[in-house]
Structure formats: C-alpha cells, structure tokens
Amino acid sequence: MTRRQRPISPEAAAVVRAQRMLSRRSVLGAAGALGAGAFLGGCGTGGAGDDDKPEPAKDRSETERIVNWVNWPLYLDYDEKNKTYPTLEKFQQQTGIKATYTEDIEDNDAYYGKVSGQLKNGQDIGKDVIVFTDWMVARCMRQGYLQQLDKKNIANAKNMLDPLQKVTYDPGRQFSMTWQSGYAGLAWNKKAIADLGLQIRNVDDLWHPKLKGLVSVLAEMRDSLGLILMSQNVNISEKFGSAEFDRALDVIKTNLDSGQIRRVVGNSYMEDFTAGDVIACFAWSGDIFMANGEAGRDLYGFTLPESGAPLWSDNMVVPIGSPHKKNAEILMNYYYDPVVAAEAAAYINYICPVKGAKEEMLKIDPSLAESPLIFPTDEDLKKVQVFRATDAQEEEEFSSKFQKVLGN
Amino acid sequence: MAFTTAARTGGPVPAPAPPSSRLPRSRTPYLLLLPGLVWLGLFFAVPVATLFSTSLQTRVPGGEIGEYTQTFRFANYLDTIGEYHVQFVRSFLYAGLATVLALLIAYPLAYYIAQRAGRWRNILLVLVVAPFYASFILRTIAWRQILGEEGPIVPVLRFLHLIPAGATVTASAVAVVAGLTYNFLPFMTLPLYASLERIDPRFIEAGGDLYANPFTTFRRVTLPLSMPGVVAGTLLTFIPAAGDYINATLLGRQPKTTMIGNVVESRFLRVVDYPTAATLSFLLMAAILVLVFGYVRRAGTEELV
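Chains as they are written, first to last, in the working numbering: chain A, 4 to 411; chain B, 445 to 749.
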C-alpha cells in the first residue's frame with residue numbers, strides 16, 4: 004500500500020504516525036467534545052419519565068440533492084494526487100447528488116457527546132450519514148436517535164454478508180448498514196518475541212513474566228473484554244452476566260496493577276507498538292496489515308487466538324434530524340455495489356461487508372483478494388463472535404467498572 | 445449606582461456643568477464594563493450555574509444512558525470525594541512538583557534573558573514562545589518518542605546504568621511530571637521575564653555599593669522585586685497543570701498516574717455520568733480557589749495588577 008508519502012526520517016515518521024493514530028480516536032476528539040459538551044451536558048439531560056422520543060425530520064431529498072457524510076479518518080479511498088475520494092466522485096456523477104465528506108469522528112464517545120444534545124431534541128446536526136460502532140448504534144437506536152431505513156431505496160442491501168445481517172441489536176438491519184468490519188486479535192513484534200523465545204497464540208500468552216510491562220490492551224472495552232471472555236469460554240454474543248464480566252475484568256485489573264500491562268490505550272496503541280515500548284498487544288486487524296505495509300517488511304504478526312475473537316463493525320446510520328434520508332439511502336446503496344465496495348476496500352484494508360466484492364477485487368489487485376483481513380476465510384469466521392447488545396443499565400455498569408479499573 | 449444617586453442628590457450644585465451631560469458620564473464606567481460583564485455572565489456564570497445544577501442530579505431509575513433528574517442530592521459531593529480523593533491528591537502533587545520544577549528552570553532562564561542577554565534578548569524570547577507554534581498534543585507525543593524505547597534517552601541511561609535493564613522512562617509518574625513541567629514552562633518564564641526586566645539595574649548596583657555580596661543582593665533586592673512574576677508564573681502553571689489530562693493520558697500509566705482531569709473525561713464521555721463529572725469539576729474549582737486564595741494572601745498581590 005502506498006497511500007501516503009513516506010516522511011523523511013524515522014523520527015519524523017513516528018511523530019506523523021503518532022498524530023494520525025491519535026487523531027483517529029481519543030485525545031483531540033475528546034478535548035473538543037469536552038468543550039462543546041460541557042454546556043450541552045448541563046441542559047441536555049432529561050427529566051424523569053421522559054419517554055417521548057424525537058420525531059424524524061421531514062425528508063427534503065427530492066429538492067435538496069445533497070448528502071453530508073461524517074466518517075472516521077482514513078476510512079474511504081483517497082487520491083493523494085487529486086485530493087479527491089474517487090468512489091465518492093463517481094457517486095456524484097452517477098446520481099447528481101452532491102456529497103460532502105468529513106472525517107470528524109475520532110472516537111464514538113466523543114462524537115456522541117458532541118451531538119447527543121441536539122439528537123435528543125430531534126435537531127438536524129448537519130449530517131445525514133454517521134458511522135458508529137455496533138454498540139453505539141445500539142445505544143442510539145434505543146434512544147430513538149436514528150431514522151428507520153427504507154430498504155426499497157437500498158436494493159443492494161441483499162449483498163450484505165450473512166453474519167452481519169443477523170446482529171442482535173438491529174435484526175434485519177432496519178436502522179443501520181455496515182460500513183466496514185474488523186477483528187480484535189493478538190499482535191506481536193516478531194523479532195522481539197522470538198528473541199525472548201516466546202510464542203503468541205492465546206490471550207494468556209500475553210501474561211508471561213518475560214513480557215512484564217511490554218503488553219498493551221485496547222481501551223475499546225468490548226474488544227479487550229471480548230478477547231478475555233472468549234478465552235474463558237464465554238460466548239460473548241449470548242447472554243452473560245455481571246459475574247462473567249467481573250471475572251474477565253479481573254484479568255485486566257490484576258495485570259494492570261502488577262505492571263504486566265503497560266497501558267490500556269485507544270487508537271494510539273500502534274504508536275507504543277511500533278516504537279518498541281510494547282511488543283505484544285490486543286490489536287485491530289487492519290492496523291497491523293498497514294504497519295507492515297508502511298515498514299515494507301513483515302515486522303509484526305497478527306492472529307486470532309484459538310479461543311476466538313470479537314468481530315466488530317462500524318455502521319452507517321441516519322441521524323433523526325437529517326432531512327436527506329433518501330439521499331443517504333442512495334449513498335448506502337451505492338457502496339453496497341460490489342464493484343464500488345471492492346474499490347473502496349482496496350484502500351481501507353478492513354473487512355469488506357459486501358458479497359461479490361472479492362470477485363471484483365480480483366480485477367483490481369489479485370493479492371488483496373487473497374487477504375484474509377479483507378475477505379475473511381470461513382475458518383476465521385468460525386472463530387469470531389459479535390459482542391452482544393446490552394441494555395442501558397448494563398452498558399453503564401460495564402463501562403463504569405472498566406473505567407474504575409483504569410483509575411477513573 | 446450609589447455614585448449616580450449621590451451625584452443627583454448632592455443638593456446645591458457647586459459645579460457649573462449642565463445636568464444633561466453629568467448623568468451619562470457617571471454611567472460610562474458601567475457601559476465600559478458591560479461587554480466584559482456580558483461575556484462573564486454568558487460564558488462563566490451561566491455555565492457554572494448549569495454545572496452546579498448538574499452536579500446535584502441523580503440517575504433516573506431504569507432510565508437511558510445520560511438521563512438524569514434533579515434531586516438536589518448534595519451527598520454526590522461526599523460520594524465523589526470518597527471515591528476519587530486519591531486522584532485529587534495526586535493531581536495537586538503532580539501540579540505542585542511541576543510548578544516548583546518549572547520555577548527552578550524558568551527563573552535563571554528569565555533572569556538571563558532579562559538582565560544579561562543583550563541583543564540576543566528578542567531571539568531568546570521568541571525561542572521561549574516558539575513551542576506554541578506546534579500543537580500541545582503533538583509536542584507531548586513527540587516527548588513520548590524522545591523518551592521511548594527507540595528514542596535517544598533510554599539507551600544512554602541504560603549504558604550509564606542509571607536505570608535498570610528492564611525499566612522504561614515513559615508510562616511513569618516521572619514522565620507525567622516532566623511533561624507537565626515542559627508544557628507549562630513558557631507560562632512560568634514569561635511573567636518572570638516581565639517582572640525581572642522591569643527591575644532597574646541601579647537597584648542591583650546599589651546592593652553592591654552597600655557591600656552586599658551577589659547572593660545577598662539577589663535575596664534582598666532582585667527576588668523581592670520579582671515576586672509579582674513568581675506569583676503570576678506559579679499560578680499560571682499550577683492551575684492548568686492541576687486540571688490537565690493530556691500529559692497523564694500520553695505519558696502516564698493507568699491506574700497509577702491517573703489525574704483528576706482523566707477522571708472527568710472518563711466520567712463525562714465514556715460513562716456519560718454527568719453528575720459525577722460536574723461534581724468533580726466543581727470540587728476541582730473549589731480546591732484550586734482555596735489553594736490560590738491562601739497562596740495569594742501569603743505572597744501578596746499588590747503589584748500583580
């Protein structure tokens with residue numbers, strides 16, 4: 004992948020990479036949302052028995068041929084030379100709908116914190132398509148912050164991979180369409196691990212005494228806890244309770260307090276990993292693929308533990324106040340065309356949710372069509388589970404307990 | 445208002461000014477204050493009131509994420525102190541250490557620039573301010589690279605046997621305090637410079653003429669005259685450092701270096717627990733206010749303005 008120009012020195016590269024990693028989730032977004040949300044937080048909280056949910060906005064798609072899409076950074080094919088998004092350009096030519104694309108989402112929580120006050124009042128946040136991770140989609144659905152999709156406008160929805168159609172929080176995909184998916188798994192620095200004479204196969208391998216202080220786990224609670232729960236033979240897509248959760252969380256607490264885990268970190272985890280401060284970690288599949296590509300060498304290994312791994316998805320949804328739902332649906336339909344999906348997937352490096360894209364990918368880049376991180380093998384799919392939907396009480400309980408372990 | 449009424453009920457008017465122009469003139473100070481007062485009202489008083497109201501709310505039973513109702517539960521404050529006093533103490537400790545370190549580094553620096561730098565003065569001042577041209581976060585990340593395993597510092601320390609073989613410099617309390625010191629150093633240097641620069645060199649010469657040695661001159665002349673700078677610099681460093689969460693996030697190690705800013709961020713954004721986040725913010729404000737008040741009373745602010 005030659006997506007970015009290579010910076011001049013390794014130090015400069017490290018800083019640039021760090022900023023990019025960091026800017027995807029965590030700090031910058033969090034800081035912004037803290038500022039903006041501090042005020043909304045005060046007036047945005049509801050009273051008791053506040054059951055009336057916001058009403059969807061009236062659709063003006065026929066007269067206003069625009070769609071505003073907000074996504075995560077580095078999550079759509081980008082042409083460095085012309086500074087355009089090729090697939091999005093073609094969408095505009097084909098449909099005559101003007102698409103505005105921004106990369107403002109760096110963190111589910113931070114973006115939610117920024118817009119939830121307006122969504123609660125049914126206001127237009129100026130976005131017609133938002134990309135949220137599964138659990139945040141589930142929360143927004145519960146709260147009535149999303150518009151139901153009209154599948155008549157999304158004929159290509161039938162191309163969605165079967166496992167993704169059956170997610171527990173949105174059966175039949177009434178409110179959301181998957182944008183990309185990925186695995187949380189185990190990654191390691193090949194040379195460093197070999198020097199120590201170790202092998203990384205299972206979650207428990209990270210707790211080896213020789214790795215003390217050289218391990219990181221993800222701040223995305225469902226991914227880290229999901230990996231540990233599965234290593235304890237808990238099916239994470241079915242009902243499990245506080246007891247199982249506490250037992251898994253205890254593994255993180257014990258290893259964090261003992262100094263085995265160096266840090267619990269969000270999107271910037273790759274920075275410690277590529278700097279050599281961490282040599283084994285919980286990681287997202289696409290990042291390792293990308294890091295090896297950037298290094299030009301096969302420096303890092305990635306595997307799904309034998310006990311299994313969580314499969315997460317980021318999903319396109321239409322916020323309640325959007326007056327351009329139909330245009331948004333046309334956009335979703337466009338990206339579920341296998342030809343378009345393959346073109347986008349060639350850049351993004353995460354699991355493409357569209358059936359038939361693999362065949363199209365063969366025409367673009369046969370080596371990518373063979374990548375199990377973009378087109379998962381049946382063997383891998385057998386190992387993965389989607390973290391189950393939680394209700395509001397559980398969601399708060401889990402995240403509060405997790406944050407407490409981190410000292411918050 | 446007292447001013448206006450006093451003027452109006454002044455009885456026989458000794459001054460010959462016509463009454464029509466007297467009234468507007470007495471209103472002028474208030475009109476001049478108006479923009480500032482509106483600003484303070486909108487962006488300080490209203491948010492603080494909202495924050496205080498949020499801090500007394502409780503969760504709606506069976507309610508959604510982020511759904512809270514006003515119950516005036518003052519016990520929220522006790523719960524929060526019980527739960528998070530460790531992080532409070534740690535924040536003030538780190539901020540205090542960073543302030544002292546910044547003072548020790550900035551004083552000689554500011555002194556040199558103000559009194560000895562000559563024609564280099566402006567260039568040196570620009571160099572002090574120059575880091576602001578790069579983002580705060582980016583600079584902190586750069587420190588991680590510098591202090592990281594593949595950076596230039598760790599191998600040297602290892603070679604000199606200053607740190608044990610397995611130990612690292614990042615992800616530690618030392619790194620957090622170092623980061624805070626570094627990031628707030630210009631806030632300490634500039635006020636110090638401003639007050640040191642104002643000192644008339646003849647005072648220092650007079651110290652020598654009166655047979656004081658250089659140290660005594662410094663202690664009896666320079667230091668007292670630069671106290672306004674010291675007070676301003678320490679406040680400008682301590683207050684933001686106590687509430688900072690970037691350094692602890694990027695250079696620290698959970699849960700051992702978690703500061704109060706991290707807890708506020710986590711409660712507000714991750715757990716969507718607005719009351720606790722508001723309570724923490726209020727407690728932080730109150731604690732800083734008390735500390736600053738005590739400090740300023742001791743150190744004096746006569747020349748701060």
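There could be a bad hint or two in this list.
[As the list claims (entries may be wrong)] To spell it out: a stretch of chain B is covered by chain A in this simulated footprint if at least three of its residues, at any positions, have a beta carbon under 8 Å from a beta carbon of chain A; those stretches are:
hint	region
1	506-512
2	555-565
3	612-625
4	732-743
[Said to hold, decoys possible] Sample of chain B residues facing chain A (criterion: CB under 10 Å; computed from the structure):
hint	residue
5	Tyr528
6	Val530
7	Glu641
8	Thr693
9	Gly696
10	Arg697
11	Thr702
12	Asn706
13	Val708
14	Glu709
15	Ser710
16	Leu713
[Unchecked claim] Simulated restraints on C-beta separations:
hint	chain 1	residue 1	chain 2	residue 2	range
17	A	Gly299	B	Glu641	51 to 59 Å
18	B	Ala561	A	Lys84	25 to 33 Å
19	B	Leu601	A	Gly299	26 to 34 Å
20	B	His605	A	Asn238	48 to 56 Å
21	B	Ile607	A	Ser261	13 to 21 Å
22	B	His605	A	Ser261	24 to 32 Å
23	B	Phe603	A	Asn85	33 to 41 Å
Just so you know, the hints here were simulated from the structure itself, not pulled from any lab data. As the structure is a prediction and not an experimental result, all values here were calculated from the model. No residue lacks a Cβ here, since even glycine has one placed at the ideal position from N, Cα and C.
>> To test your reading of the hints: which numbers does this structure violate?
In response: 2, 4, 7, 18 and 23
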